[in-house]
Amino acid sequence: SQTIHQWPATLVQPVGSPLSLECTVEGTSNPNLYWYRQAAGRGLQLLFYSVGIGQISSEVPQNLSASRPQDRQFILSSKKLLLSDSGFYLCAWSPRDRGGEQFFGPGTRLTVL
Amino acid sequence: SQQGEEDPQALSIQEGENATMNCSYKTSINNLQWYRQNSGRGLVHLILIRSNEREKHSGRLRVTLDTSKKSSSLLITASRAADTASYFCATSGWGTDKLIFGTGTRLQVFP
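Protein chains in written order, with the working numbering: chain A, 358 to 470; chain B, 10 to 120.
Keep in mind the hints are simulated off the structure, nothing from the lab.
Backbone N, C-alpha and C define an ideal beta-carbon position, used for all residues, glycine too.
Be a bit skeptical, because a hint or two may be false.
[To be verified] Residues on chain B that point at chain A, a partial pick, calculated with CB under 7 Å:
#1 S37
#2 L52
#3 E64
#4 G68
#5 K78
#6 S101
#7 G111
#8 Q117
#9 F119
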């Protein structure tokens, strides 16, 4: 069966510090991978979308970047965090070309102080 | 931008009652999905309805889709305290695997 892991679960970082959030998927190959951000009490905003190694689509201009160094690894990064980067970050995967359900990780709660 | 708008934003009911949540969207879709999120957790897929379907059931869940009105509803029958969560609709367009999520409905079911 497929599983998706995210870490860390919570993170408190000072403004201006770097960020690296990691997401890995097990039990499947060639998945689509997604990074979302969820502000408190709000819906999900798609940040990045990847259909393969090294292939990243950025959905909104922002202070963040994403990379996919391996087929089942997706990394969200920032060189210098802003206060507005605080939020709940969710990684998800879906089978390729199915237009179907996405499977979500447990999320990372990021607080930038 | 978020395409889906959900109504109501919050809903409080007693156990045993039915809960109805509505979702509206703006453009043509391939399918519409409903997800559940417990507080501080990831989302869990509940049900998917395709654009050529009008109604779908899964256990105590009933989803309807009206493509002419660009709207969907999720009905949870005989609700339980464990149904307390936020519920999101998400639409998938043609030729894409990306989803656009609504703003969500927070459901509180009191024992």
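Hint by hint, here is what the structure shows:
no., hint, in the structure
1, S37, "violated, 13 Å"
2, L52, "holds, 4 Å"
3, E64, "violated, 19 Å"
4, G68, "violated, 16 Å"
5, K78, "violated, 21 Å"
6, S101, "holds, 5 Å"
7, G111, "holds, 6 Å"
8, Q117, "violated, 14 Å"
9, F119, "violated, 20 Å"
Violated hints, listed in ascending order, are 1, 3, 4, 5, 8 and 9; each of the other numbered hints is respected by the structure.
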